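Engineer: So the protein lines, in turn, are chains A, B and C. Quick note, in this note's numbering, the first sequence goes up one by one and the last residue is 311. Quick note, in this note's numbering, the second sequence goes up one by one and the last residue is 884. Quick note, in this note's numbering, the third sequence goes up one by one and the last residue is 724.
Derived by calculation from the structure, the hints in this document are not laboratory data. Keep in mind that a hint or two might mislead.
[Unchecked claim] Restricting the straight-line Cα-Cα distance to at most 25 Å, the calculated cross-link-like pairs of lysine to any residue (SDA-like) are:
no.	chain 1	residue 1	chain 2	residue 2
1	A	168	A	149
2	B	717	A	4
3	C	592	A	289
4	A	116	B	711
None of the values given here were measured: they were computed from a predicted structure.
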Amino acid sequence: MSELFTETAIVATLAAMLRLAMPLLLAGLGEMYGQRSGVLNLGVEGVMLLGGFFAYWTTLSTDSPWLGLLAGLAVGLIMGLLNGVISVTLQAQQGISGIGVFLFGLGLSDLLFQKIVGTPRLIDPLAQIEIPLLSRIPVIGDFAFNQRSIVYIAFLLVPLSMWALNKTTFGLNIRAVGENPAAADSLGVSVARTRYATLAIGGVLAGAAGAGLVLTTGSFQQNFTAGLGFIAIALVYFGAWRPIGVMLGALLFGFIQALVFQLKALELIPVSQQDLYNMAPALITILALVAVSQRFQAPTALTKPFSRGG
Amino acid sequence: MRMAKGWRLLALLGALALVAGACGGDDDGDDGGAFRIAIVAPSASNDLAFSQSIVDAVNAIQAEMGADAIEIAITDGTFVVEDAAANMRGYADDGYDLVIGHGSQYGSFLPEIAEDFPDTAFAWGTASDTFGLDNVSAYTAAADEGAYVQGIMAAALSTSGKIGVVGPVDVGDAALYVQGFVNGAESGGADVAVAFTGDFGNTTLAAEAANAHVANGADVMTGTAQMVVGAVGVAEQQGVLWFGTQSNQTSLADSIVVSSQVYKWEVVLSDLVEQIKDGNLGGQTYEINLANGGLVIEYNDAYNLPADVRQAGDDAVAGIIDGSMSTGL
Amino acid sequence: MTSRTSASGRLQRTLIPVIAVVAALALGAIMLLALGANPLTGYWAMIKGAFGSGNGLIETALKATPLMLVGVGITIAFRANVINIGGEGQMILGAIFTTGLVLLLPDMSGFILIPLVILAGLLGGALWGAIPGALKAYFGVSEILSTIMLNLVAAQLMNYLLRGPFIDPNSNELGAIPQTERLSEGADLPILIGSRLHAGPLIAILAAIAAYVLLWRTTAGYRLRAVGLNPDAARYGGMPVKRSIVLALTFSGALAGLAGALLVFGSESHRFVTDGSAAGFTGSAGFNGIVTALFGALHPLWTIPSSFLFGGLLVGANSLQRAVQVPQALIVALNGLVVVFVVSSDWIRQRLGLVEAHQPEGNDDEVEAVEVVP
Numbered sequence: 002m003s004e005l006f007t008e009t010a011i012v013a014t015l016a017a018m019l020r021l022a023m024p025l026l027l028a029g030l031g032e033m034y035g036q037r038s039g040v041l042n043l044g045v046e047g048v049m050l051l052g053g054f055f056a057y058w059t060t061l062s063t064d065s066p067w068l069g070l071l072a073g074l075a076v077g078l079i080m081g082l083l084n085g086v087i088s089v090t091l092q093a094q095q096g097i098s099g100i101g102v103f104l105f106g107l108g109l110s111d112l113l114f115q116k117i118v119g120t121p122r123l124i125d126p127l128a129q130i131e132i133p134l135l136s137r138i139p140v141i142g143d144f145a146f147n148q149r150s151i152v153y154i155a156f157l158l159v160p161l162s163m164w165a166l167n168k169t170t171f172g173l174n175i176r177a178v179g180e181n182p183a184a185a186d187s188l189g190v191s192v193a194r195t196r197y198a199t200l201a202i203g204g205v206l207a208g209a210a211g212a213g214l215v216l217t218t219g220s221f222q223q224n225f226t227a228g229l230g231f232i233a234i235a236l237v238y239f240g241a242w243r244p245i246g247v248m249l250g251a252l253l254f255g256f257i258q259a260l261v262f263q264l265k266a267l268e269l270i271p272v273s274q275q276d277l278y279n280m281a282p283a284l285i286t287i288l289a290l291v292a293v294s295q296r297f298q299a300p301t302a303l304t305k306p307f308s309r310g311g
Numbered sequence: 556m557r558m559a560k561g562w563r564l565l566a567l568l569g570a571l572a573l574v575a576g577a578c579g580g581d582d583d584g585d586d587g588g589a590f591r592i593a594i595v596a597p598s599a600s601n602d603l604a605f606s607q608s609i610v611d612a613v614n615a616i617q618a619e620m621g622a623d624a625i626e627i628a629i630t631d632g633t634f635v636v637e638d639a640a641a642n643m644r645g646y647a648d649d650g651y652d653l654v655i656g657h658g659s660q661y662g663s664f665l666p667e668i669a670e671d672f673p674d675t676a677f678a679w680g681t682a683s684d685t686f687g688l689d690n691v692s693a694y695t696a697a698a699d700e701g702a703y704v705q706g707i708m709a710a711a712l713s714t715s716g717k718i719g720v721v722g723p724v725d726v727g728d729a730a731l732y733v734q735g736f737v738n739g740a741e742s743g744g745a746d747v748a749v750a751f752t753g754d755f756g757n758t759t760l761a762a763e764a765a766n767a768h769v770a771n772g773a774d775v776m777t778g779t780a781q782m783v784v785g786a787v788g789v790a791e792q793q794g795v796l797w798f799g800t801q802s803n804q805t806s807l808a809d810s811i812v813v814s815s816q817v818y819k820w821e822v823v824l825s826d827l828v829e830q831i832k833d834g835n836l837g838g839q840t841y842e843i844n845l846a847n848g849g850l851v852i853e854y855n856d857a858y859n860l861p862a863d864v865r866q867a868g869d870d871a872v873a874g875i876i877d878g879s880m881s882t883g884l
Numbered sequence: 351m352t353s354r355t356s357a358s359g360r361l362q363r364t365l366i367p368v369i370a371v372v373a374a375l376a377l378g379a380i381m382l383l384a385l386g387a388n389p390l391t392g393y394w395a396m397i398k399g400a401f402g403s404g405n406g407l408i409e410t411a412l413k414a415t416p417l418m419l420v421g422v423g424i425t426i427a428f429r430a431n432v433i434n435i436g437g438e439g440q441m442i443l444g445a446i447f448t449t450g451l452v453l454l455l456p457d458m459s460g461f462i463l464i465p466l467v468i469l470a471g472l473l474g475g476a477l478w479g480a481i482p483g484a485l486k487a488y489f490g491v492s493e494i495l496s497t498i499m500l501n502l503v504a505a506q507l508m509n510y511l512l513r514g515p516f517i518d519p520n521s522n523e524l525g526a527i528p529q530t531e532r533l534s535e536g537a538d539l540p541i542l543i544g545s546r547l548h549a550g551p552l553i554a555i556l557a558a559i560a561a562y563v564l565l566w567r568t569t570a571g572y573r574l575r576a577v578g579l580n581p582d583a584a585r586y587g588g589m590p591v592k593r594s595i596v597l598a599l600t601f602s603g604a605l606a607g608l609a610g611a612l613l614v615f616g617s618e619s620h621r622f623v624t625d626g627s628a629a630g631f632t633g634s635a636g637f638n639g640i641v642t643a644l645f646g647a648l649h650p651l652w653t654i655p656s657s658f659l660f661g662g663l664l665v666g667a668n669s670l671q672r673a674v675q676v677p678q679a680l681i682v683a684l685n686g687l688v689v690v691f692v693v694s695s696d697w698i699r700q701r702l703g704l705v706e707a708h709q710p711e712g713n714d715d716e717v718e719a720v721e722v723v724p
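Full structure from sequences and hints, please.
Structural biologist: Spelled out as structure tokens, the structure:
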């Protein structure tokens, strides 16, 4: 076990934790906005896949990962708005329509990849950025301040989201619409417009999560998210609809995943038992929540479509 | 009232079925002498890994025999085992001459289907069991052979003495390749760590497995299954050498790929096709290996491989072929 | 309440989702054209494949079986206002329990073994449903979180067992396939017609009827729906809210578990086999069951035709792919489009006053039951 407590192993594990938390945090924060306004979106994974594909393809064609990221955000925005049409205007069952969006994204991203790109190729990832001064702090600087830009962006969105939700009129509207849409409506807050806005944010962030993955590994493969979008949704509940909570959930999940990889690489887990250890991130996330035993209420209007006088 | 709606819907479907049934069932005639091959494969046909290897092989046979002589149908992405069964049954029903189930998990249902279609030839792999049926062939790859060779070269190229392997799930062809590689590398004195991600498609997990290996000093890596493109990405970014398998992975990252063990299923498939044309629908097991040229170590010309390592690789290939060297499996 | 709508209204009500499916397929036709495939050939193959022959109908019925069971389970959970996204994991646990049992009792005769198989499947799924139920009721852990996480756990547990304790003892050690041996013939589901149609679809339909009886003809079912409608009022009325939540997820999981068991013993291979992923075994029925449940307006009996339709769509899509040789990915995308279009079309039905918004409230049967039970 002592191999695990060397500086290299610790830095590697914590750096991997931040990388693994990045997509969960981005997609989770996006999902949180929607849910705070009363819309459950199970389609996150599909948006991640589409955002990821367009980020990959744009980077492949332009050699610019930043343009790629932008493409991922744009596709996310479009999918977010479409989701608004489906969930808000057409008032579709949110759980089920999300599954449709997921399947659509899963199929289309793969189809486009096969038809436009053909065989897998690697792209330039987003560059690793050393933050001046901070990166020189021992250990912490090595893992926290020597990451790709998308990781910094993801974590900066946490305080930004706290501010937006709690200190701005927009945030107040979101919460009002999520708790009591009829009351918000009578006070002149447009429920539809607010929900469109949160779904757009959710789409952009899911697109960013997919793009972030592709622009970290430098590769695309069919279904490369493999369930991350659903985990991100779960983490919104873990985080009790609060940005800090979502971040803690993402960090916990990422940490356990990173730790298991480190144990495998150090040959501390026998090959025959690796499947059992692969359960750890999910199990520990549940247990952690039981241990904390928090009782935050979900937004009252979650999953309920709103129509005037209805 | 609610029930009424249900029955009406069913009646509608029933009517639809009758119409469809009445109009169908007259075609499917065998036109011309084209030999019709259908492939059912678990991942995308251009995954640069397992599924692509069989698609490339059938295309190679078509190129050799002529586009008119061979007709090809592909159903890829069929990771759901029961769906694979339905598709293979469907192709058999459509009158294909040879239906290939390209996944060892597909063998579970094959006997049932093969018995229902005694005039259709089936092949599946990687596997060695024909279930005693004379219309089933099995094909397998001695993946450990090329893996062992690449393991020896990996050990010779590693300066840190540490090598990382990224695998999906410890089963089938992947398990064979990984174990062969580990044995080869350990015979060369290297320390090999294996991380299975538990998933065939998740490139992020593959990348993180690779990152963990690199952090622990690995300077040479290998891996198998379609998600390894994520690991190859990490290897390229970190300047770590990579050995590929199943398809030639040089095109992914020509600065770090040393060589790939490439599957040439056409070596056995062309024989299989000839047999079927002669009326022998199966009953045989085929193996591709280094000796019959079904497995080939393809080197990356852009990578400057030291002559002595190349020599060690060539010696190992020769040794395995003449039996003087064993992969230990 | 809707029962007094006119005949033409009822026709429209049935027609609108059908039109939505057609609209989605029209969009799919554009995609097919873009890929150089003939949409007419493709869709003809689709209809023929799903409904156009005896074999097609049998395939459709078999495909519908897990969808129906999971869908009915989802309906029960939904009625108690619990969202069960854990169908995948519950199916796997049902399969694990039942496979374990049959491996332990290989020589038992079918008369005893088949009921045991059904029971073990129910039990495994029930366990994997009761856990998130209890976590929600007594620890405040959202069922969405726990069911998603338990899906991941179940998949890895399945991989571990299929590579280890459950593995086919006849397979050679290296390169072994993660599958059991051919399971005891005594546990094969009885064949009803031909060589393929086993008792699975019948069991699923019986389960749907049983769920209907449970929800609308028993006190437990009444409580469960009351909790779903208004937990505060139910609590005030002295109903065991927490127990009802656990019960709902337990029933829901049990049916998914049965789906998993039938998938193993009704499979072509009569083995428990996967490619290493959850969907490789379940065929994503744990998710698609949510779709059939909502297509069925969250009514257990409605889930029956809804599952046949959706199952037919999946079977037909395979035929379409084979006929026009497009990548399988297109089929997945098309599947998603159909789902999105049909759920979105519900709005039009509501606008036309043809049906109220579903969700537990606003259902005519509901009102009736509330009046019946004191």
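Engineer: Tell me if the straight-line CA distance from residue 116(A) to residue 711(B) falls inside 25 Å.
Structural biologist: The given pair, whose Cα atoms are some 40 Å apart, is violated under the 25 Å limit.
Engineer: Would you mind confirming whether the straight-line C-alpha gap from residue 717(B) to residue 4(A) stays at or under 25 Å?
Structural biologist: 14 Å, holds
Engineer: Does residue 289(A) sit within 25 Å of residue 592(C), going by the straight-line distance between their CA atoms?
Structural biologist: Answer holds: residue 592(C) to residue 289(A) is near 21 Å, not above 25 Å.
Engineer: For the pair supplied as a hint, residue 168(A) and residue 149(A), is the alpha-carbon distance within the 25 Å limit?
Structural biologist: Violated, at roughly 29 Å.
Checked against the numbered hints given earlier, this structure breaks hints 1 and 4; the rest are met.
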